[in-house]
Amino acid sequence: MKKEFLEHQLNINRRHFLGKMALGVGSAALGSLLAPDIFSGSSGSSDDLPLGFSHFAPKAKRVIMLFQNGAPSQLESFDYKPTLNKMFGEDLPASVRGDQRLTGMTANQDKFPLVGSKFGFKQYGQSGTWVSDLFPNIAKITDDICVVKTMHTEAINHDPALTFIQTGSQQGNRPSMGAWMSYGLGSENNNLPAFCVLLSKGRGNGQGVYSKLWTNGFLDSIHQGVQFSASEDPILYLNNPDGIDMQNRRKMLDHLTELNSEGFKEFGDPEIHAKIKQYEMAYRMQTAVPEVTDITKEPDHIIKMYGADCMVPGTYASNCLLARKLSEAGVRFVQLYHQGWDQHGNLVGEMPLQAQDVDRASAALISDLKQRGLLDETLVIWGGEFGRTNYCQGKLTEDNYGRDHHPRCYSIWMAGGGVKGGTSYGETDEFGYNIVKDPVHVHDLQATILHLMGMDHEKLTYKYLGRRFRLTDVHGHVVKGILA
Amino acid sequence: MDRIEKIVSNLVFFMLCLLAMLLAFESYVQVPYWLQPVGRMHPLVLHFPIGFVVLLVLVNLFKNQLDEQSYQKVNKFLLLLTAFTTTLAAVMGFFLSREEGYSSSLMAVHKWIGAAVSYIMYALILCYQNRKVYQVLLYTSFFSIVVAGHFGAGLTHGMNFLVEPVLQAHKPEMDENAPVFTAFIQPILESKCQSCHNADKHKGKLDMSTLKKLHAGGENGPVWVAGDTEGSEIVRRALLPMENEEHMPPEGKPQLTDLEFELIRKWIEKGADEVVTLAQLSKSDTLYTLATRTMAKDKSKQKPQYEFDFAEQEVVEALNSPFRSVVQKSPKSPAIDVSVFGRKTFQMEFLTELKQIKDQVVSLNLAYLPINDDAISFIGQLTNLEKLNLNFTDITGNTLASLASCSNLTSLSLSGTQVGANILPVIAGLPALREVFIWNTEIEEKDINELREKMPDVKLVEGYQLGSEGPLQLNPPDLLNKKEVIAKGEKIELIHRLKNVDIRYTTDGSEPDSLSSSTYTGPIQFDSFGTLKVKSYKEGWLSSEPRSYTFFMKGLEAENVELLVPPNKKYKGKGAITLTDLKKGSANDISSPNWVGYKSTPFTALVDFGDNPPNVNEVVLSYALNMNQYVMAPTSVEVWGGNDKDKLAMIKKTTPAQATKMGPNDVMAEKLSVDGSGFRYYKVVARPILKLPDWHRGKGDKGWVFVDELFFY
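Chains as they are written, first to last, in the working numbering: chain A, -7 to 476; chain B, 650 to 1362.
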């Protein structure tokens, strides 16, 4: 038994050592043949770089992802298609649809009647970006945002599509984007989690969100997203129990550390150190979190900017405000989810309510970051997991319609750190069904986000189950056209 | 060996004769098209003679190391090879030179030296035995071939190819007052066109090196036609697809970037004015924006090659703490970003310890820290600082002048501080400054305007306000009570999170208004189940939407509840207990376990009050309305009673009001009076609608009934 402990302490035994040596020398020799620059330190090969470094100088330091969960319709937001209004009720030509598979919800429909936006569109800003009347405030910041009209994905249902855009794989066992960010760049402020998740619910037909979307996957569990609760106490169990004050807590932790160190001496398990660090971080969070999450001291004009809802915990507006505060305090990746964008029916009734929830606060977040001088180092992304069909699901009437899931094209927008504001990227056909120019695959988006954060998506890897995993798997190209 | 030697030397002799003839009758020679590929192999073959001559020299230098016989053999062999390849390259070169575009003086020099080298080589074979002559000729050939090679390379890559990178570094800056043509257009032509169209090599009879030559045009006419982009050769060719023969620059050569192309096109469109300067253009002009973008790009290329050294890795590591992050920008850059966090935990040392890396810090974030004017003098020591964030710190700006030493400071954030007009001279004195964030400070509008006039290239950000379209709408008050089922005597508390909000409420179902409705001053007490309607008011804001809460008093407790008809499999809730757990569901979330759902079959629950049943006056059934999801009011609700559960009699039946159009989601209650009956068993039945009405989008389909709670009073 003693021997095992000793080996554990050394974290290695004779056989491991020899095995590693042989493999190491052999692969070093092979490696130098295949990739000669592998040993020339200055070549920028990042495999041997310590984590917590950018691969190259980053454009953005932090990300705020305003995820519109349920897939908002691109045809009622940013992709203006007047042809659909002209062709109201006509069947979608088979040549346009091609071999696109359909969801179980519309596969049995015998007609696919086209329907245009019930809401008007106008051009805004110097860039002349088209925005629908549902988003009057986002329309005011068009010169700061880049609308990507040609996002496309591989999944046609919410769960796989969400999992795909968050983790780069439709099956849910990979680390989420925020976890990769935390792994690759570390935390800017060690008193706060590097990856925070904020949830809110709209009034439209909703789809669930679940913790696998902010999982650390096979990465160390410290990279997991920390879900904030929609209450006055955003992080649960952070307050001292009754009768314990900070000094008591400090004493308790000091003793606990001593005990844990004893344990480490005996067993040598590195997880013990991780545990000690986590306790210390939790202690620091006890002061840091209330300082950051207290929104009651925000001045009146900030409240007016985000809208009155921003003071009600758990609303999208309040989450936007909180996201700004967290980002300002150095949180690497803030992920918002706003549920309720799944308009299969009653789109005309629900979408204005959803838009009303997010329009003002999203625009306010951009302007607020801008006036603090933070927009150029913060990357903000607004969008959903896929688009919606150009034809009606269910019964089409003069006043109302619904739209099914559409993976071939959808619109998102990005702003801030390193993104070319005041532009639209890509084009869809006049039916808003297929992409005709500059497609952006989900992996391309992920590669671009990593690029803006100063990381090469091909080099940010983690070895697990015998292979190196990436957020972009074996795909993805940085979308140069949207870089400033 | 001897035979091969003879053949090769004869071959060389033959080719030399050919070359002599070709050179003599140069102007009459027409190279047939099928021979052109041979000529074009010149750039490939020419590398052999260069290498072999070098070898010959080496062998000659080290001949004493070899025995005489081997030296003779190797040298002879090499000599033959060199002579053969040199002559071959020369003949090929001649063919290539006859193609159009190679008729410059540079060409002539290259040609004659190249030819000379081939004759020297043959001479070397002939005077092989005479050591002295051999030596002289060998070194002559070596230097000649180097010179010929240099001029040849000059022909393909441009004469200044070698020193270009050095010249680039000293390139004059793009200037507002230089003509747009010389500052922006000519550099593009220089880098993308002139390798083939220069004074020495004019492909297509075009020389683009000077304006005069440009005007002369080439064999296909002028390069551009002022004002006519489509008629301009340069635009037309750039637009052709890459596969097209006429596409310029040709495939494989560096192409025009989008920006470069647009710049050329717009310049031609604007009349191809060769003297107009950037400063003379209007700022809204596309050409102006394109040119400034080019300028910005050029600047960013030349940007921060930091001259300071990398900081010690140990020092950087030691400076990192939970409250301070010290991060090198990238492994290749010595520049360091520093952020300090935590107002309560801050100590001045967190800042002053940065002295150890004072040269490397280029970005410093101190937002929200309790630092005051004294700290600025320290920050002034970080002379390479480019970005400084002092948002929401306690500074007043009085000592900001200490930043004058930060001559590279480009971005300064002072939002939310007490700084006033006192910082204006400081801003004016920072040469590199490009943006200042002064939102939420004491600086007055007139001072800002004055500064704007004085320093037009500094962006002053005063903040943004969305929507000046009038007052905004308030949100309704929130309910503090976690449950909508309240015990007797429990009070209802409302809250509004904005300050100075007037909350009005009614309890009779009418909509509250700001005049006659009661003002909320403290917790409200309810006597029985009922609806509270609330609305908030505040000066400068529009009143909120009304919000209604339906409260239920906790009722009589039953001994047992069971569902006689099982609910739909998808909406089982928590079974019978769902009805008495005092947990209300939300009408937006009918799949939550607080609801039981029925379609086709009626909701039927049996309640057992045990051996000593209390008197029951009222039965209340709480149900959901979510018409979009086909969840409707029940068509009828029945209460049956009796002491034997197999022999119950109907005591009461009501028919809840049915909707006549789509409406919002809501939780409703149906109240049935049962007049103080004291039965042991009560059965409650609620029947779902069997055919949805015509106005509903699912007309004719079956509807649902969702129940979350049953109350007995």
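Source of the hints: derived by calculation from the structure; they are not laboratory data.
All C-beta atoms in this analysis are idealised placements derived from N, C-alpha and C, irrespective of residue type, glycine included.
Be careful, since some hints might not be right.
Reference excerpt, derived from the structure (chain A facing chain B, CB under 10 angstroms, subset only) [said to hold, decoys possible]:
#	residue
1	His47
2	Ala52
3	Met97
4	Ala99
5	Lys103
6	Pro105
7	Gly108
8	Lys193
9	Asp292
10	Pro344
11	Leu366
The hints, checked one at a time:
1. With a least beta-carbon distance of about 7 angstroms to chain B, the hint placing His47/A at the interface is held under the 10 angstroms criterion.
2. At its closest, the beta carbon of Ala52/A sits 12 angstroms from a beta carbon of chain B; the interface hint therefore is violated under the 10 angstroms criterion.
3. The restraint placing Met97/A at the interface with chain B is violated, with a minimum CB-CB distance near 14 angstroms, outside the 10 angstroms limit.
4. For Ala99/A, the shortest C-beta to C-beta distance to chain B is roughly 19 angstroms, which exceeds 10 angstroms, and the interface hint is violated.
5. For Lys103/A, the interface hint is violated, the least distance from its beta-carbon to any beta-carbon of chain B being 16 angstroms, above 10 angstroms.
6. Checking Pro105/A against chain B: minimum C-beta separation of about 14 angstroms lies over 10 angstroms; hint violated.
7. Checking Gly108/A against chain B by beta carbon gives a least distance of about 19 angstroms; that is not within 10 angstroms, so the hint is violated.
8. At about 8 angstroms, the closest approach between the beta carbon of Lys193/A and any beta carbon in chain B falls short of 10 angstroms, and the interface hint on this residue holds.
9. Annotation: interface hint on Asp292/A holds; nearest CB of chain B at approximately 8 angstroms, less than 10 angstroms.
10. With a least beta-carbon distance of about 13 angstroms to chain B, the hint placing Pro344/A at the interface is violated under the 10 angstroms criterion.
11. This hint holds: Leu366/A has a C-beta 8 angstroms from the nearest C-beta of chain B, less than the 10 angstroms allowed.
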